[in-house]
Amino acid sequence: MVQQLTAASSVEIRKVNKFYGPFHALKEIDMVVAPGKVTCLIGPSGSGKSTLLRCINFLEEYDSGEVRIDGALIGYETPGGRRMAARRLREMRRSIGMVFQQFNLWPHMTALQNVAEGLIRVRRMGRAEAEARAAEALTKVGLADRMLNHPSRLSGGQQQRVAIARAIAMEPRLMLFDEPTSALDPELVGEVLNVMKTLAAEGMTMVVVTHEMGFAAHVADQVAFMEKGELVAMDAPAQILQRPEDPRIQAFLRTYHERNAF
Amino acid sequence: MIEVFRQYGPALLSGFAMTVFCWFVGTVLSMGLGLILALVQRYAARWVQWILRVYIEVIRGTPFLVQLFVLYYGGPMVGVMLDPVPAGIVGLTIYGSPYFAEIFRSGFNSVSRGQIEAARAIGMAEPAIVGRILLPLGLVSALPALVNFSIILTKETVILSIVTVPELMYQVGRMGAETFRFVETNLALALFFWALVEVISRVGRRFEARLTQHLNTRA
Amino acid sequence: MFSWTTYWDSFGPLIWAARYTVAISVMGIGIGLVIGALVCAGRLSPWIWLRRFAALWVSFLRGVPLLVQLLLVYYLLPVIGLNVPAMAAAVFTVAICASAYISEIWRGAIAALPKGQTEAAAAIGMDPVTQWLRIILPQAVVMSLPALVNELILLVKASSLVSVVGILEITRASQAQAATTFRPLEVYLAAACIYLAINLCLAMLGRWLEKRMAV
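Chains as they are written, first to last, in our numbering: chain A, 1 to 262; chain B, 1 to 219; chain C, 1 to 215.
Hints in this document: simulated from the structure, not taken from any laboratory. Model, not experiment: these values are computed from the prediction. Heads up, a few of these hints could be off.
Label-pair restraints from in silico Cβ distances [to be verified]: (1) 138/C to 47/B: 55 to 63 Å; (2) 86/B to 79/A: 36 to 44 Å; (3) 138/C to 211/B: 32 to 40 Å; (4) 46/C to 51/B: 47 to 55 Å; (5) 138/C to 180/B: 49 to 57 Å.
We treat Cβ as the ideally placed atom computed from N, Cα and C, and that holds for glycine.
So that you can see chain A by itself, here it is in the shape it has in the complex (with noise of 0.2 Å):
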């Protein structure tokens, strides 16, 4: 038996733009995501897929239009008004996870205490309960022998996972994935996007952007396909991956086949 999630939140862009002084680097993006659907970003490098998750978590400031998370909007108290108070963003932040391409995992804790640390000082736990909640997500995606071990002890793959512990240990009702499998060698690929499978079917809400195939066929409820800041088509992945009707797409699967075949 799965077990279900308490609440799973949805997302809501509505016309953003971002600017990087005269570059566009989104333009007009609209995209909606449902409570416990996982939606993969795709699209060649430089489209704008990695801005616009960070748009998602402000991490990233979009210049122009709404990103609602469970309809609140993020980042600014009205849209096209003044900058959200800090500690409303971080309260916002508490409930969407991230994992980042590069881990960026503390290398001066151990695993676990990466994992408890925003426990501790975010959500304020006392020290043993943080350290037996970070256990448990450490547990969680199979690392429970590896807790006591510094990043630079660790493998790409499993960094990875510790870093998705210390994501899913804040119980996020949201998760975003930047590219988390491009920094791994291949053998290690498959274990990080087990753990995130798992997550999927478990009903969290899940935005990834990625460039594994195979993942978006087979997890994703939805694929958006970016290009040059644009939103080009999004739709269920067979639609998207199979019989994409946008010259662009078939151009991008093209040379991704290509690249993939011996």
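Please build the complex by placing chains B and C on the supplied structure of chain A, with the hints as guidance.
The following block gives chains B and C in isolation, referenced to the frame of chain A:
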């Protein structure tokens, strides 16, 4: 020889104690001030950063000796009357702070953006990020430079003798003047500092190695 | 009251004295570059005793405060029968001290060259001497330029110490000026301004070099 030592031993010992005292207090204070400067530079408003930049450039652009003269001889004209020892310590603090500030700044800059972002993403507040991520990681990467500059400061303490702080060089100078053995006394002083600096840097390296053990990726 | 008159009047004699500051620093770095190159070559040489001697040289000169070195040389020279002017002794000491730092700058620059550079040269059959002259040194010298400018800035500041052996550079001149005007604050601030001006110019030169190298 023994006679000379019996006569000057106490003065030399007190000079050594004074050197260590000035160095230690001066280093701790200038390191503290440097850390504050670096943190303020990172988080304060643009114009505050600009003022600190000017302070850093002015102190780094002028000789320590001239700074001491301004403080010790010029200070009384604007009501800052300091005895030699406090003047020396205040001087060392002012002189060292911008170098330490720059060391801390580059230490902070070496902490990868991602590690800070990871803390932001789980909702950590800025003071917690500074205390738990920025400081521990930044300090470790700044450590070699911190040790190095502290060693440089041991050598700068001899300059305090010029404003009559009774530290080691001052005592050795008196001893030389009374015995007319300038060469021997200065040679002994040189050898002493050489040994001191070698010992401190060796201890510093061992200390660094221990602190950074778990940060090194496996070979 | 701060006397602006004394402050402005100090600049004349102090700038005149600055020629000694500049002369000592420039000669110091010039001679230091030559000795530093020899020391660096010694440290990288295949002969262990030469390596040890060079390492000792560097460690001693970097471990002993320049002020102590200055007095040591100043008192030592007459004892061993060399009666040279104080200025020569000062330049000599500053240069010797600088050589230790400069040799380390060059050693660092050489070590920072990617190994692939010499390997590529060896792969096309270049002999070791040519590798050094054509591949390693040109790159290392260019790479070390900003650090050398920085060393020159350090020397300008360090040259204030030669005032203790009576050379009338900026600091010594300002002491004399302060004694006659009884206005140390104004005079020493003027001296500080002159040092600052010299060093800011040098720092600009350093940044310009760094920018050119980055291209």
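- [ ] Would you list, in rising numerical order, the hints stated earlier that this structure does not obey?
- [x] The structure breaks hints 1 and 2; every other hint is satisfied.
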